[in-house]
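Note that the working numbering numbers the sequence shown so that position 63 is 63, with each residue one more than the last.
Be careful, since some hints might not be right.
[Unchecked claim] Quick list of the computed label-pair ranges, beta carbon to beta carbon:
#: 1; residue 1: P79; residue 2: M140; range: 42 to 50 Å
#: 2; residue 1: N73; residue 2: R43; range: 40 to 48 Å
#: 3; residue 1: N116; residue 2: T147; range: 33 to 41 Å
#: 4; residue 1: A146; residue 2: R61; range: 46 to 54 Å
#: 5; residue 1: E98; residue 2: E162; range: 15 to 23 Å
[What the hints assert, rightly or not] With a straight-line Cα cutoff of 20 Å, these simulated SDA-like cross-link-like pairs (lysine to any residue) come out:
#: 6; residue 1: K101; residue 2: I125
#: 7; residue 1: K101; residue 2: R31
#: 8; residue 1: K101; residue 2: K149
#: 9; residue 1: K20; residue 2: N73
#: 10; residue 1: K8; residue 2: T77
#: 11; residue 1: K4; residue 2: N16
#: 12; residue 1: K20; residue 2: V54
#: 13; residue 1: K8; residue 2: T67
#: 14; residue 1: K149; residue 2: Q160
#: 15; residue 1: K20; residue 2: A45
#: 16; residue 1: K101; residue 2: N73
Derived by calculation from the structure, the hints in this document are not laboratory data. Using N, Cα and C, we set each Cβ at its ideal position, and we do this for glycine too.
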Amino acid sequence: MAIKLEDKKAIVAEVNEAAKGALSAVVADARGVSVAAMTGLRRDARDAGVTVRVVRNTLMRRAVEGTQYECLNDVFTGPTLIAFSHEHPGAAARLFKEFAKSQSAFEIKAAAFEGNFLAASQIDILATLPTYDEAISQLMSVIQGATSKFVRTLAAVRDQKEAEAA
1 MAIKLEDKKA
11 IVAEVNEAAK
21 GALSAVVADA
31 RGVSVAAMTG
41 LRRDARDAGV
51 TVRVVRNTLM
61 RRAVEGTQYE
71 CLNDVFTGPT
81 LIAFSHEHPG
91 AAARLFKEFA
101 KSQSAFEIKA
111 AAFEGNFLAA
121 SQIDILATLP
131 TYDEAISQLM
141 SVIQGATSKF
151 VRTLAAVRDQ
161 KEAEAA
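Start from the sequences, fold in the hints, and give me the full structure.
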């Protein structure tokens, strides 16, 4: 189906805006995935702060021109589904990785993070990034462990000095 030039420009502008505000992008091939499954994926994506778009490859190349996702141009072949993470860099990667477990026809092609190309085999790097809350929790755990060890050391020094004085 032919798309009018104005519509193409609108699509390119919309995807370009999504790309400029995104923290990461993941590209996949969704051939053979049912419409119901794709609807579920889009719903989950909205809940996770991820924008999912199916765009023609030539339009996609123009849309990512001048953005940090220009490194993905080589994977824009065949049917292309792209997801931009807006709230957390690993959200789209985690979403697509989880979806691929239940859909054998779904194939992750590549990802991009901070201008770096990540092959499909490296998607775990992005998918395993901790969320903000998880990172804060890990930091607090480290701080708590260090302070409690420090307090125990001070108590041991105090006890030792008291024993020597007695």
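A quick look at each hint next to the structure:
Under the hint 42 to 50 Å, the C-beta atoms of P79 and M140, about 44 Å apart, fit the expected range. Hint check: N73 to R43, Cβ distance near 29 Å, so the stated range 40 to 48 Å is violated. For the hinted restraint 33 to 41 Å between N116 and T147, the CB-CB distance of approximately 36 Å keeps it satisfied. Look at A146 against R61: about 49 Å separates their beta carbons, and that is inside 46 to 54 Å.
Checked against the hint of 15 to 23 Å, the C-beta distance between E98 and E162 comes to roughly 57 Å, which is inconsistent with it. The hinted pair formed by K101 and I125 meets the criterion: a straight-line CA distance of about 17 Å does not exceed 20 Å. Of the supplied pair hints, the one linking K101 and R31 holds, its CA atoms being roughly 15 Å apart against a limit of 20 Å. At most 20 Å may separate the alpha-carbon atoms for a hinted pair to count; K101 and K149 exceed this at roughly 42 Å.
Between the alpha carbons of K20 and N73 the distance comes to roughly 16 Å, so the proposed pair stays at or under 20 Å and holds. Distance hint between K8 and T77 is fulfilled; the C-alpha atoms sit about 18 Å from each other, no more than 20 Å. Note on K4 and N16: the hinted pairing holds, with a Cα-Cα distance of about 18 Å set against a maximum of 20 Å. For the proposed pair K20 and V54, the alpha carbon gap of about 17 Å is at most 20 Å, so the pair holds.
A hinted pair counts as satisfied when its Cα atoms are at most 20 Å apart, and K8 with T67 qualifies at roughly 18 Å. Restraint check for K149 and Q160: satisfied, since their Cα atoms lie roughly 16 Å apart, inside the 20 Å limit. For the suggested pair K20 and A45, the alpha carbons sit about 18 Å apart, so the restraint of at most 20 Å is met. Straight-line distance between C-alpha atoms of K101 and N73 comes to about 26 Å, which puts the hinted pair past the 20 Å bound.
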